[in-house]
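A.B. asks: Sequence:
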Amino acid sequence: MTHTPPEQTPVSPSKSSRTSSNQPAPLRSLAGSNKESWLTRLSRQAVLRQLRALNRGTLSVHENGQTLHFGQADSDGLHAEIHVHDAAAYSTIASNGSVGSGEAYIHGFWSTPDLTAVTRLFVRNLDVLDAMETGIARLGAPALKWLHWLNRNTLDGSRRNIQAHYDLGNSLFENFLDPSMMYSAAIFPPSEDDLEQAQWNKLKRICNKLELTADDHLLEIGTGWGSMAIYAATHYGCRVTTTTLSDEQYAFTAQRIRELGLEDRITLLLKDYRELEGQYDKLVSIEMIEAVGHEYFRNYFETCAARLKPHGLMLLQAITIRDQRYDQARRSVDFIQRYIFPGGSLPSISLIGELTRKHTDLAMLHLEDIGSHYARTLRHWHHNLIAARGELQHLGYDDAFFRLWEFYLCYCEGGFIERSIGTAQVLLSKPDARPKLDLYAMGE
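Take 29 as the starting number for the sequence shown in my numbering and just add one per residue.
Don't read these hints as lab results, they were simulated from the structure.
Please note that the accuracy of each hint is not assured.
[What the hints assert, rightly or not] Calculated cross-link-like contacts (lysine-lysine; reagent style DSS-like; alpha-carbon spacing at most 25 Å):
#, residue 1, residue 2
1, K458, K337
2, K232, K458
3, K386, K232
4, K337, K299
5, K386, K337
6, K386, K458
7, K464, K232
8, K232, K337
[Stated by the list, open to error] FRET-style restraints, in silico, Cβ to Cβ:
#, residue 1, residue 2, range
9, K464, G265, 14 to 24 Å
10, H387, G265, 32 to 42 Å
11, D466, Q421, 47 to 57 Å
12, N83, H111, 18 to 28 Å
13, H263, S219, 18 to 28 Å
14, E287, N83, 52 to 62 Å
15, H263, S400, 24 to 34 Å
Yeah, the Cβ is synthetic: ideal placement off N, Cα and C, and Gly gets one too.
I would like the entire structure built from these sequences, with the hints used as guidance.
C.D. replies: Spelled out as structure tokens, the structure:
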């Protein structure tokens, strides 16, 4: 049987039918393993050999009525299970590495009762994960890098990349986000697990750190669906200028602003951050930097510094990668970059410090890691996505699309739990700023 790999663009529903052209291949029973190609047999041997190196946590692989066991028990008892439904899973993983594991899941070649546990296990065993990128997988790496280069964030490229993700349809996001429509890490108060309340708590924390007042003109880079701009304008009485590259987000936010009668306080733009002009008292950017791209990080911070008045403050909320993994991440392309956020990349904390120190007059005043809160946020989103599966199918989002997004959410949740990625709120200041830095407001 010929195995057709996923297309080279993020799986997205068309406006007419919303049925992805990336349908999973028909499942093939492992019972006919004697008919498998030599490549499939070699791929299986290679993948299982790599799994034998697992030593932090355990894995059970169920196939053809048998169960294979790998790994060693870790202190917290981390255990994952994988059910292989199609031998093509092995050749897909062997040829495309960790990206291939996601592709095989999208096609239905394997499944698991706990996708987050699978992700955690491999993040905890990074040597095994790295080994998957060797061998045959090396042959496909140049193609992945070429595709990623084509998605670089030039002015035109940024618009295409943002629209590839955020213009999938507001109905998709409305079905798994909470009513606040915030698509970023929440901050959960102690003993609270309500996602919407945690999102409002996050915005309050941001505004407190910025010491926002009615006299301020706040610039927001990355509008989302308008929640931050509306919250700041209604709770603090300040003026807000906010910009996005997503047509869907722009239309949604414009309608919210009109309905709330906030046209006099909120200016909504459909512009690239590099095209902004003027200076502002405060600047906020919530999980937008991940869409900037490695080669444009310096320009991003230079632009932010230029848009602030001499007494200005900036609050950056960013998903970050471990400092020790940043250089490797620059040289590779992962599942998220390939199928979810084309052109995307994560900065590290040390990189943020280095770029602001060398190329701007911004000083880092405060840093808070909220990565554990992101894991909880993603868990809520995943549960909401599962609950909305029937509605999403009715809207035309097919099974392959659903598995893609399920893999994406659990992939990220596992990364945050294992702290291979984090989320930081970073407060930066211009030279003339004299913030109070109230520790209570900072959330200490």
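A.B. asks: It remains to establish, for every hint, whether it holds in the given structure.
C.D. replies: Hint by hint, here is what the structure shows:
no. : hint                       : verdict
1   : K458 with K337             : 7 Å, holds
2   : K232 with K458             : 22 Å, holds
3   : K386 with K232             : 31 Å, violated
4   : K337 with K299             : 20 Å, holds
5   : K386 with K337             : 19 Å, holds
6   : K386 with K458             : 14 Å, holds
7   : K464 with K232             : 16 Å, holds
8   : K232 with K337             : 23 Å, holds
9   : K464 with G265: 14 to 24 Å : 19 Å, holds
10  : H387 with G265: 32 to 42 Å : 34 Å, holds
11  : D466 with Q421: 47 to 57 Å : 49 Å, holds
12  : N83 with H111: 18 to 28 Å  : 23 Å, holds
13  : H263 with S219: 18 to 28 Å : 24 Å, holds
14  : E287 with N83: 52 to 62 Å  : 56 Å, holds
15  : H263 with S400: 24 to 34 Å : 26 Å, holds
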